[in-house]
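Participant: The residues making up each chain are set out below.
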Amino acid sequence: MSTDIAHEEHHHGPPKGIGRWLFSTNHKDIGTMYLVFALTMLFVGGASAMYIRAELFMPGVQFMEPDFYNNMVTNHALIMVFAVVMPAAAGLANWMIPMMIGAPDMALPRLNNLSFWLLPAAAVMLILSTVVPFLPGGGSAINTGWTLYPPLSIQTGMAMDFAIFTVHILGVSSILASINIVVTILNMRAPGMTLFKMPMFCWAWLFTGLLLIIIAPVLAGGVTMLLFDRHFGTSFFDAAGGGDPVLFQHLFWFFGHPEVYVLLLPSIGVLAMIIPTFARKPLFGYNSLVGGMAILFTLGLVAWAHHQYTVGMAAGPTTWFMIITILISIPVGLMLLNFMMTMWRGAMTFETPMLFAVAIVLMFSFAGVTGIMLAVVPADLEYHDSMFVVAHFHYALIPGALMGLLAAAFYWLPKWTGNMYDERLGKIFFWWNVISFNITFFPQHFYGLAGMPRRIVDYNPAFADLNMISSLGAFAYGLSHLLFLYIVIKTVRGGVKAGNKPWEGAQIGTPGLEWDLSSPPPFHSFTTPPVVK
Amino acid sequence: MITVKAKPVESERFFVIQPNASLTKQGARVFLGFIVFVSLLVLARFLLLGAWFVLPFTILEVAFIGFILHLILKANRQVEMISVSNNGIRIVKLTDQEREEWHFDPYWAQVELKHSPHDWYPSKLIIRSHGRAVELASCLTNSEREELAEALKESVFSSRNFQEHDNHNKQIEK
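Top to bottom, those sequences are chains R and Z. With the first letter of the first sequence counted as 1, position 271 gets the number 271 in the numbering used here; the numbers rise by one all the way through. With the second sequence counted from 1, adding 1000 to any position gets you the numbering used here.
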C-alpha cells in the first residue's frame, strides 16, 4: 500500500523585493502582473478614447490635426485589443487555470515570465510610435486605423515601423502565452480531471489558445511583408510593382476576425462560471457549450472576408463569407441560450458579477442582431465604414470581452485577495458603467445608419446632438473605471475576510479546484495532486 | 504536478518520484498533428496567394511547439525510485534510454537541500557521500522538494537507528 507524503504547511513563501516580480515564475505573480498591466493600459487606451469623443463632441476640428485624431483611433484599438483585453484574459488564465485543474504552476514557468515581460516592451514601442511624429524628421502619424491597410501604411512615417514591431512583439508574447496555457491544460490536470470535467473557463482558453496559435503567424507574415514593402523595395502590396493591396486585407483579417473570438471566448468561459454560481444550478448543456465553442472556432477561421465586402470580391467568395458569417450566429446563440437556460428557475441572487453576466447576455445579443445586419452583403455595402459598425463592434467587444473581464475580477477578487469587495460600490459601479456605456454607443447606431462615416475627424452638423450625447456618455463611462480602480485598491488593502468559497453557489456543476484552496491561495497552489472523483 | 509515494515495508521506505502527466504520447501526437494540419492548410492558401512570408513564421512556431512537446514528454517519462533501508540507500533513475543506479551507506549519506538565492532558480535536492553526489527530484516544485527532503532525512535517520539497534543486538548475542 502506498501513502502520499503529507504536506501540512507551505513554508516556501514569495521572495522579497522587485526580484519577486522581475524574475517571477509563479503563476499567481505573473497573473497579477498581467492584470495590473492590462488595467494600466485600460486607462491609456481610455485616454485616447476620451480624446476621440472630446474631438467629436462638436462638428469641426477642435484640438489637433486630423492625422493625430486618426493616430488616436489606431492607438485606442491596438491598445484595447492587444494591451488590455488579451493581457487581462491571459492574467485570468495564469491565475485561475492551474488552480482550477489542480496544478502547482504553469507547464512552462520561465516561458511564462518571458511572455509577460515582452508586453511592457511592446507598450513602450507603441507609445514611441505616437511620440515619433512630433520629433524632427519623424514623418506623419499612424493614420491607418488598427488594420494598417496599405498603400497608406506604406506611405506613413517611421511611426509605422514602431507599430509593426509592436505587433511583432505582441504576437510573440501571445503565441508563447497561448502555447503555455494550452500545454498546461493538456499536461497538468490533476488525476481524475478529465477534459470533460474541466471548468468551462479552461475549455474557453483551450480554444482561445489554439486559435491564436493558428492565426498569429499569418499576421506576423503580413506585417513583415509590409515592412519589406516600406524599406526593402518589395512590392507585395504595391500595385505599381505588381503587388496587391487587397492581399494584405486577407492576411490581416484572417488574423483579425478570429481575434474577435480570442477576445470573446475567455469572457464566455467566465460567464459559464459566474451564471451557475449565482443561479445555484449546474451549467445547462456543458457538452453543447463545448461543442458551440468548437463550431465557433472552426467557422471563425473561415469567415474573415466579411470585413472586406466592399473591395470587389467575386460573387462566389462573397456569398461563402456571407453564409458562414450568418451561420456563426448559431453557436453564439446556442451559448446565450445555455446561459439563459442555466438561469431559468434558478435560485438567483444578483451580486455584481451576476449583474454583469445578465447585462452581458442582453447587450451581447444586441451586438449579435446588428452583426447579422452587417453580415448581409447588400446591407453591409450601405453600412460599411459607418459609425453603425463602430456601435456594433463596441456592443460586441465591451460587453462580450471587457465587461466579462470586469465580472471575472469581481468574481475572483475575494479568492485573489482574501477580502470581499464592497458590494454597494460594486453595484454602483455596475449601473454607472452599463448605463453610461449605452448612452455612449446606442446613439451611434442612429447617426451611423444616417450616414456618419467612421475614422473621420469632422462630421455633418446634422449629427451634432447625438454625438454630444455619445460624448457625454463616454466621459461618464471613462470616469466609471476610476471607481473600479478604487474598489480594487480598497479590496486589496482590506475588507471583510473571504472564506475559501466566498460564493454560496461556487463549484456547482464543475469541479473547479480553485475553491478548495484558501483565500488568498498559498504561494504554491497544490503541492500534491488533488484527486477529482 | 508530481506524484510522490512513500512505501513503508517494515524497515524499508520506498519513494517513487515522477511528474504528474495528463498528456499521453498519443495525445501529444494528436495535438501536434492537428496544429500541423491546420497550419499547413492556412500556409498553403497564403503561399498560393504569394504571401510566402507566412512560411518562416509558421515553421518557427510549429517547430517550437514540437520542441516543447518533446521536452514535456521527455520530462513526463522520468522516474526516480529511492529505497531507504538498513542495508543502504538505493537510487534508480529511469529514462527512455537508460537506467542509472547508485548505492549509499545511510551512515555516511547526507541529504542536502540547496536553496537558490533567487526564486528564478529552483532548489536542488542532493544525496552525497564520499565525494559522490546525486541530484534528485528535479521535476518537483520547490515546496514539494522541501517536503521530500524532510521525509528522506527522516528515513535515513531511522535506518541509521535501525542499524545501530541491529549492531547492538548482534553484540549482545556474541
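Calculated from the structure, these hints are not laboratory results. Treat the hints with care, as some may be off.
Simulated pairs of lysine-lysine, DSBU-like, Cα-Cα distance not exceeding 30 Å [unchecked claim]: (1) K16/R / K1114/Z; (2) K16/R / K197/R; (3) K1025/Z / K1093/Z; (4) K1124/Z / K1114/Z; (5) K427/R / K490/R; (6) K1093/Z / K16/R; (7) K501/R / K490/R; (8) K1124/Z / K16/R; (9) K1093/Z / K1153/Z; (10) K1124/Z / K1074/Z; (11) K197/R / K1124/Z; (12) K1153/Z / K1114/Z; (13) K1093/Z / K197/R; (14) K1093/Z / K1124/Z; (15) K1025/Z / K1114/Z.
Participant: Which numbered hints are broken by the structure, listed smallest first?
Facilitator: Numbers 2, 6, 11, 13 and 15, in rising order.
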